[in-house]
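From first to last, the protein sequence lines are chains A and B.
Heads up, the first sequence stops at 391 in numbering that gives the first Met the number 0, and the numbers go up one at a time, no gaps.
Heads up, the second sequence stops at 314 in numbering that gives the first Met the number 0, and the numbers go up one at a time, no gaps.
Bear in mind the hints are in silico, worked out from the structure with no lab data behind them.
One should not assume that every hint holds.
Claimed, not checked - Capping the alpha-carbon separation at 16 Å, the derived lysine to aspartate or glutamate pairs in EDC-like fashion look like this: (1) B:K45 - B:E63; (2) B:K45 - A:E332; (3) B:K158 - A:D224; (4) B:K158 - A:D296; (5) B:K242 - A:E272; (6) B:K158 - A:E332.
Unchecked claim - With beta-carbon atoms standing in for the labels, derived distance ranges: (7) A:E151 - B:Q277: 39 to 47 Å; (8) A:E241 - B:E273: 48 to 56 Å; (9) A:T328 - B:E273: 32 to 40 Å.
Glycine included, C-beta positions come from ideal geometry on N, C-alpha and C.
Residue-level listing of the chains:
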Amino acid sequence: MSPRPRPGDARAASIDQLLAAKEIAITCGSGGVGKTTTAAAAAAMAAVRHGGKVLVVTVDPARRLADALGLSGIGNQERQVPPDAFAEAGVKPRGELWAAMLDTKQSWDALVHRHAPDKETEARILDNPLYQNISSRFVQSHDYIAMERLYELHSAADYDLIVVDTPPTRNAIDFLEAPQRMSDFFSSRLLRWLIAPYRSRLVNMASRPFYQVADRILGSQFLEDIAEFFILFQTMYEGFVERARSVSRLLRDRRTTFLVISTLEASPLHEAEFFIDALNERRLHLGAVVLNRVLPDYLLDEQGTRVAEAMERSAGDIAGQLGAGAGETASVERVLAEIAASFLNFQVVAQREAEQRAELAVSPEVIATVPLFDTDIADMSGLLRLGESIWG
Amino acid sequence: MVDLLDRRLLFVSGKGGVGKTTVAAALALLAADHGKRTLVCEIDAKGDLAASYECDRLRYAPREVHPRLWAMSMDTEESLREYLSLNLRIPMVGRIGPLARAFEFVATAAPGVKEILTVGKLAYDVRERRYDLVVVDASATGHIVGQLAAPQAINTLVKVGLVRQQTGWMLDILSDPAVTGLCIVATPEEMPVAETIDLAHRVREETTVDLAAVFVNRVLPELFTRAEEEVFDRLCEPETAGKLGAAAGGDAGPILAAARLAVTMRRTRSGHLERLRQAVDPSVPMLYLPYLFTRAHGQRALRQVAAALAAELGL
């Protein structure tokens with residue numbers, strides 16, 4: 000399962016080196032593993048240490064993280080993270096950190112605006128009920144639009160590094176396939192059937208069974224609506240397909256790298272491994288695996304186990320030896336028993352994590368581990384604290 | 000309020016990573032143990048449900064994984080096939096290839112089609128009383144509203160045809176709080192709580208489905224009373240910590256550090272939990288499930304969750 004290094008690729012020894020060498024870093028992993036925070040932390044570190052203009056594109060940041068980045072209430076437009084945010088954290092960045100949110104609907108509208116042949120077609124597309132459904136609800140459209148937006152930002156060449164947080168997908172590889180799927184979709188033979196004049200459909204032998212069934216299930220009016228939608232969309236076909244291909248190429252570009260994020264729980268790890276395989280199969284660049292919220296190493300300490308067991312066993316004796324300085328003997332005894340039991344409990348989880356980690360059969364260029372933080376990351380100093388731990 | 004397990008169709012959603020599948024699996028297991036013929040259905044086909052029951056990969060055809068408990072994995076193409084054979088009496092065997100491609104295409108273009116086949120299949124099993132209870136390991140918070148509101152979405156898009164005729168009885172089932180309920184799983188952390196509050200709101204505004212319960216998963220134990228916390232603070236002072244280590248035969252540092260971590264995490268989480276309590280309608284039951292300090296996965300872990308769930312439900 001080890002990735003085949005491509006000719007000319009220098010192996011990075013740390014996330015520091017990796018991000019210094021790349022122009023695009025895409026974070027991916029299953030839901031709830033800390034993708035957004037990790038993307039923001041990596042971007043903030045790059046702005047502080049490497050300088051230049053660094054952009055982080057996030058999908059749905061936690062409210063307080065959005066506040067920290069000055070992102071609250073803004074849409075698609077990139078904004079510079081106020082230098083004050085760094086000053087408050089006691090840091091003077093060498094470069095600038097910019098941030099943008101991904102608004103699917105706005106991005107789709109912009110795409111239509113770009114590719115529509117004229118104002119009238121654009122307006123008719125934007126008004127079409129199917130389009131409105133697709134642009135705001137259709138799940139896979141998030142995946143595509145995230146990659147499309149990345150392409151647009153990269154082409155504009157305003158940033159030295161773009162870190163992209165991917166939307167939560169049902170399946171981690173969905174967004175890798177999205178540009179291809181989108182281009183297949185618009186090139187499909189079925190699309191031609193649908194937009195053929197309605198009468199001729201019934202005499203087309205190839206498409207007849209489909210229409211007979213589809214008519215009975217969905218009703219012909221709905222099929223007409225779909226056809227109308229695609230007739231309009233067809234005017235954008237070439238621009239659209241070409242664009243989807245360019246987006247696909249950008250993902251394969253040597254300036255692009257992927258950061259796979261996981262925790263050491265079974266299910267996210269399983270998905271991370273699946274994702275790493277998918278990257279390798281497609282010869283995409285796996286830059287780093289970031290393991291988030293890892294319990295501290297001291298929990299695995301053998302001496303710690305002995306001390307905790309002694310404390311649990313002889314809590315009363317030890318409380319007596321400590322004397323009145325610590326407090327009333329009975330409550331000291333209870334506290335000792337409680338903290339010893341708690342240590343041993345967390346140790347079980349830490350051991351499980353260590354086993355999971357040992358089983359992680361991959362060799363990315365970099366594996367970074369982020370310790371479990373006992374409070375939420377809600378400001379720049381929190382982000383930089385996380386960033387420091389993965390930096391290398 | 001209807002007792003949770005007396006409903007007949009329960010959707011279990013929540014932010015990714017909160018233990019949604021485990022809660023759905025435990026809920027179904029508990030119902031089966033209490034004599035209900037139960038179907039549990041995984042929507043996302045990630046294999047987590049099969050891992051919980053330690054059984055082979057689930058398929059569309061339900062398999063009995065435990066007495067009175069059947070498990071399946073949703074597949075909209077299979078659902079379409081079942082639907083067509085029930086409603087059109089078309090022998091589909093030879094046709095499903097091209098039809099499936101055509102269907103995939105229409106479903107891609109028309110949001111709501113896949114969702115209606117998912118919800119429709121499950122509601123059909125409920126309507127036909129094939130099971131006493133259907134538990135759905137449903138989509139995450141971002142996608143569940145689209146599924147639950149699929150009949151309404153289809154009603155606006157499709158004006159005639161068989162699909163349109165089907166939405167009426169589906170809405171009847173989904174809208175009846177005695178029959179259908181949504182369970183949201185959260186952990187006491189910032190984003191899962193925020194998404195739970197947001198989802199509870201959207202479900203009320205955009206669907207007809209009743210919020211049946213909120214599960215708070217992975218609740219950490221409270222280590223100390225306030226007075227004991229003062230004792231703990233004194234134990235952490237270097238001189239006392241040194242004495243403690245000497246008395247216990249080694250460095251007490253890791254034990255004190257681990258306790259500090261546990262206390263701070265619990266405190267951070269209490270804040271989020273409080274926010275959740277404030278935001279959720281007081282008539283909606285909140286059920287608490289403990290953080291599992293275990294190395295077990297699969298059935299053993301599932302049994303522990305089911306036992307905690309039984310205690311919370313007073314069973």
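Each hint, compared with the structure:
no. : hint                        : result
1   : B:K45 - B:E63               : violated (19 Å)
2   : B:K45 - A:E332              : violated (47 Å)
3   : B:K158 - A:D224             : holds (11 Å)
4   : B:K158 - A:D296             : violated (62 Å)
5   : B:K242 - A:E272             : violated (47 Å)
6   : B:K158 - A:E332             : violated (72 Å)
7   : A:E151 - B:Q277: 39 to 47 Å : holds (41 Å)
8   : A:E241 - B:E273: 48 to 56 Å : holds (53 Å)
9   : A:T328 - B:E273: 32 to 40 Å : holds (34 Å)
The structure fails to meet hints 1, 2, 4, 5 and 6 from the earlier list, while all remaining hints are met.
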